[in-house]
Amino acid sequence: MTTDATLASHLQELRRGTVVVASLTVLRTPGYGYSLLETLSESGFEVEANTLYPLLRRLEAQGLLTSSWNTDEARPRKFYTTTPQGDAVAEALRTEWARLDDAIGDLSTDSVSTPGSDK
Amino acid sequence: MTTSLVDRYVFTALRRVPEQQRADIDRELRASIEDAVDARIEAGEAREAAIERTLLELGDPDRLADSYADRPNYLIGPELYPVWRRSLMALLTIVLPIVVVVVAVVQVLAEDAGVGEVIGSAVGTIITVGAHMCFWVTLGFWIVERTGAGKDDLNRPWTPKDLPRYEPGALTRVQFAANLVWPAVLILAIVLQQFTFTDEPLLDPANWSFWWPVLIALVVLKGMWAFWVYRLGAWTRQVAAVNAVHGVVTGGVILYLLASDHFFNPAFSGFNGTDVDLEGWISVAVMITTALSIVYDIVDVARKAEQARKGLGVKIPGTGNTYTAG
Numbered sequence: 001m002t003t004d005a006t007l008a009s010h011l012q013e014l015r016r017g018t019v020v021v022a023s024l025t026v027l028r029t030p031g032y033g034y035s036l037l038e039t040l041s042e043s044g045f046e047v048e049a050n051t052l053y054p055l056l057r058r059l060e061a062q063g064l065l066t067s068s069w070n071t072d073e074a075r076p077r078k079f080y081t082t083t084p085q086g087d088a089v090a091e092a093l094r095t096e097w098a099r100l101d102d103a104i105g106d107l108s109t110d111s112v113s114t115p116g117s118d119k
Numbered sequence: 001m002t003t004s005l006v007d008r009y010v011f012t013a014l015r016r017v018p019e020q021q022r023a024d025i026d027r028e029l030r031a032s033i034e035d036a037v038d039a040r041i042e043a044g045e046a047r048e049a050a051i052e053r054t055l056l057e058l059g060d061p062d063r064l065a066d067s068y069a070d071r072p073n074y075l076i077g078p079e080l081y082p083v084w085r086r087s088l089m090a091l092l093t094i095v096l097p098i099v100v101v102v103v104a105v106v107q108v109l110a111e112d113a114g115v116g117e118v119i120g121s122a123v124g125t126i127i128t129v130g131a132h133m134c135f136w137v138t139l140g141f142w143i144v145e146r147t148g149a150g151k152d153d154l155n156r157p158w159t160p161k162d163l164p165r166y167e168p169g170a171l172t173r174v175q176f177a178a179n180l181v182w183p184a185v186l187i188l189a190i191v192l193q194q195f196t197f198t199d200e201p202l203l204d205p206a207n208w209s210f211w212w213p214v215l216i217a218l219v220v221l222k223g224m225w226a227f228w229v230y231r232l233g234a235w236t237r238q239v240a241a242v243n244a245v246h247g248v249v250t251g252g253v254i255l256y257l258l259a260s261d262h263f264f265n266p267a268f269s270g271f272n273g274t275d276v277d278l279e280g281w282i283s284v285a286v287m288i289t290t291a292l293s294i295v296y297d298i299v300d301v302a303r304k305a306e307q308a309r310k311g312l313g314v315k316i317p318g319t320g321n322t323y324t325a326g
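In the order they appear, the protein sequences are chains A and B.
Each residue of the first sequence is one higher than the one before, starting from 1 at the first, in the UniProt record's numbering.
Each residue of the second sequence is one higher than the one before, starting from 1 at the first, in the UniProt record's numbering.
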């Protein structure tokens, strides 16, 4: 495996799961599949349509999102909204993300001494 | 043509989606595709190209359907894979050889098969029985994987107690089982050859008045000896001594019968029809094999007992390590 491929696979590992947090956060205001895809990619989340659309249905099945069809416009669209339960989950995930970010920040500054490094 | 491209894509994806979700996914997927196509057209692309690029981005409709249906893209997942591998290995390395040997023995006794035939059917048995084992085990695990029934029983959590015991002496459960299976097979073969396999029994029927029962009793004793060692969990001097006595007696009986021409049935016709003294050669071969394997067994058990007495470790195959109990 080249360094690029290694990096790519680690990045993918790291990003997995961020789409869920982002979607639950964005959908506190109702949105449909393509609008969410646009919003996410504009805010810097790399997500494929074929990952996002099935994911939305899974989150709905888990009770974290609700959906309703809006047929007022020419093109009927399925709008998703984060449920209170989904909001709670998103909040917990964001807290965890912040905690990890802090922890990694602490690691990369030199304030932490590795056990045994002063031998 | 271009509209039919979207239709074809959606239809293909829906084929593999559960029926109750189909109508909903149909509408949603079409709306999403139209949205994406519109966005591309607004950015200046031609409609046909926009549709193609959009579908290309969505990718293989079968994969999309799997993703919608939340179907796993594997036969047996990482949770069950180690259990599946261990089960299959046990079947292929322990049960399959036993089946092959039994089939070969039955063939020799029942059909007077030649060496070529026996090898041919052994290869055939390995392939067909092996394929059956692979198939049914995998099917079973696949069902468990998909339904989840019995998954916890198969995949019970590992504890340090599951580690192999590497203790000098103790017969492992597999070795003990092998030590019981072989006597059973041997006794069955001795009894059945009298009645079924051939028109005339291979072994001398006159010996049923004394020698064959003695031999069967000796085989039973060897099984009981294995049980004793298994329960004892150690190779001791007594174990080695009993084994040596048993080996000498068993070897003595077989060698005496062979040497005095009382082993094979004089009426058995399978040895006739060749110019050489086939029965004589086979007797010599059986004598040498019997003597060598019994001597090896006696020495092997004695060596293990001696090692255990001195507290020497046992070599663990495949690692180059030596384990000393302590």
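It should be emphasised that the hints constitute simulated quantities derived from the structure, not laboratory data.
We treat Cβ as the ideally placed atom computed from N, Cα and C, and that holds for glycine.
Where hints are given, some of them may not hold.
Now the in silico label distances, taken between C-beta atoms and shown as ranges [claimed, not checked]: (1) B/Asp152 to A/Ala98: 49 to 59 angstroms; (2) B/Gly130 to A/Arg58: 18 to 28 angstroms; (3) A/Ala8 to B/Ala234: 54 to 64 angstroms.
One side of the interface only, derived from the structure: several residues of chain A facing chain B at Cβ under 8 angstroms [to be verified]: (4) Gly33; (5) Tyr34; (6) Ala49; (7) Asn50; (8) Tyr53; (9) Arg57; (10) Arg58; (11) Pro76; (12) Arg77; (13) Lys78; (14) Arg94; (15) Ala98.
If you want the footprint, here are the derived chain B segments under chain A, 3+ residues with CB under 8 angstroms [to be verified]: (16) 34-46; (17) 61-67; (18) 125-134.
Verification of the hints:
1. B/Asp152 to A/Ala98: 49 to 59 angstroms: violated, 36 angstroms
2. B/Gly130 to A/Arg58: 18 to 28 angstroms: Violated, at about 40 angstroms.
3. A/Ala8 to B/Ala234: 54 to 64 angstroms: Given a distance of about 56 angstroms, which is inside 54 to 64 angstroms, the answer is holds.
4. Gly33: Since the shortest Cβ distance to chain B is 5 angstroms, the answer is holds.
5. Tyr34: Where the cut-off is 8 angstroms and the nearest Cβ of chain B is about 4 angstroms from A/Tyr34, the hint holds.
6. Ala49: holds, 6 angstroms
7. Asn50: Constraint on A/Asn50 satisfied, holds at 5 angstroms.
8. Tyr53: Holds: closest Cβ of chain B sits about 6 angstroms from A/Tyr53, inside 8 angstroms.
9. Arg57: holds, 7 angstroms
10. Arg58: holds, 6 angstroms
11. Pro76: holds, 6 angstroms
12. Arg77: holds, 5 angstroms
13. Lys78: holds, 5 angstroms
14. Arg94: Since chain B brings no Cβ nearer than about 25 angstroms to A/Arg94, farther than 8 angstroms, the hint is violated.
15. Ala98: Nearest chain B Cβ about 30 angstroms off; hint violated.
16. 34-46: holds (count 4)
17. 61-67: Held - the segment 61-67 of chain B has 3 residues with a Cβ nearer than 8 angstroms to chain A, which meets the minimum of three.
18. 125-134: Answer violated; 0 residues pass the 8 angstroms Cβ test.
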